[in-house]
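Colleague: Residue numbers (my numbering), protein chains in the order written: chain A, 18 to 181; chain P, 3 to 143.
In short, the hints are calculated from the structure, not lab data.
None of the values given here were measured: they were computed from a predicted structure.
Accuracy of the hints is not assured; some may be wrong.
Stated by the list, open to error - Short, incomplete list of chain P residues facing chain A, as computed with Cβ under 10 Å:
1) L60
2) E62
3) N112
4) G131
Glycine included, each C-beta is placed from N, C-alpha and C at the ideal position.
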Amino acid sequence: MSSDPPSGYETGDDVFTRIRAMMQWTPQGRALGMDLISLADGKVRGRIPYSPQIVGDPDTGVIAGGVITTFLDQLCGMAVVLAMKPPGPVATIDLRIDYMRAAEPGRDILAEAHCYKIGRNVAFVRAVAFEDAPDSAVAHATATFMVNPAAVKRPGANLREKKR
Amino acid sequence: MNTEERLATALARIPYAAFLGVRAELKGDELTLVMPFADHLIGNPVLPALHGGVVGALMELTALTQLAIASKSDAFPKTIDVGFDYLRSGRPRDTFARARVVKIGRRIANVQAEAWQSERGALIAAMHGHFLLADDAVEPA
Chain A
18 MSSDPPSGYE TGDDVFTRIR AMMQWTPQGR ALGMDLISLA DGKVRGRIPY
68 SPQIVGDPDT GVIAGGVITT FLDQLCGMAV VLAMKPPGPV ATIDLRIDYM
118 RAAEPGRDIL AEAHCYKIGR NVAFVRAVAF EDAPDSAVAH ATATFMVNPA
168 AVKRPGANLR EKKR
Chain P
3 MNTEERLATA LARIPYAAFL GVRAELKGDE LTLVMPFADH LIGNPVLPAL
53 HGGVVGALME LTALTQLAIA SKSDAFPKTI DVGFDYLRSG RPRDTFARAR
103 VVKIGRRIAN VQAEAWQSER GALIAAMHGH FLLADDAVEP A
C-alpha cells in the first residue's frame, strides 16, 4: 500500500483513532470492511469480515488469496506508520506471503503486523493472518516499505536552487 | 467448450474476480487479465493510486488462471507462496496482467506474473509464486 496521513492527522486524536482512520481512509479498505482491533507493543491487529463477495473458491467458500494480500499489505503499512516518529507516508517495496493453509469458510480473518526495524529510508515488517490465534496461522508475511517515499533524498537538498 | 469459454466460465464463478471487476482476454494460449479502473480499487485517494493489494491480487488471479490453462485442469491450483515487487504506483486507469508458467512439476508449479498500465514496458508490479497443482492437473511431457 502507499498512504499519506488523512487530514486532521496532526490534531490531538489518540493513536488508535488515527491509525483506524488511516485504514478506513482507503476506498479499498472500506470496500473490504477492514477495521482496526488493537495496538499493543508496536503490534497492529485488524480484521476483515467474511463476506460472500470476497470468496475465491466458490466450491468451498474459502476467501481469495488476493483479499489476504490486500489486508496484510494494508496492516503492514499501518505497523510502519505506528513505528514512525513523526508518522508520514509509506510505500510497499516488497511483500511476500506464505500460506500455511486455507482460511476457514464463513469466518472473519484477523491479522497482526509488527514493524521490527525502521531506518531512515526503509522499514521491515512481519505479519501473520489467522482466525483465532497467531499460532494457528493461515498465512505469514514479510514486507519492506519505503519510509516517506516522496521526501527529499539528501539533507540540505531543499536549500539548493531548483534547476530551471 | 473451448479454452476461452472455459476460462470465462471459471472466472465468472469466482465472486472475488467480480468484486475486482476482472475479465479475461485469451490470444492463443496467452492470457491477459484486464482490471478496468474503479473507485473502490483505490488505496491512496490523495495521489491517487491503486491499492497495492489489488494489483497483487490481479497478478495472483492471472497466475492461477494461466496455470489452469497450462495444466489442462478445470480446478484452480492452490497458492503456496507469492512474492510481490512494487515498481511504480498504480494510476487510476485500467491495469493489465500476464503470467508465465516457468515450470510445472508433479505437484508444484513455479509462475511469474507482471502488471502494467499504459506502457507494456513500464511494469507497475511483478510477482513470482509457487502453486500446488489440482489433482486432475496434467504434467507436460
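Colleague: Does each hint hold? Answer for all of them.
Modeller: Results of checking the hints against the structure:
no. : hint : in the structure
1   : L60  : holds, 8 Å
2   : E62  : holds, 5 Å
3   : N112 : violated, 15 Å
4   : G131 : holds, 9 Å
Hint check: a violation occurs at hint 3 only; the rest are consistent with the structure.
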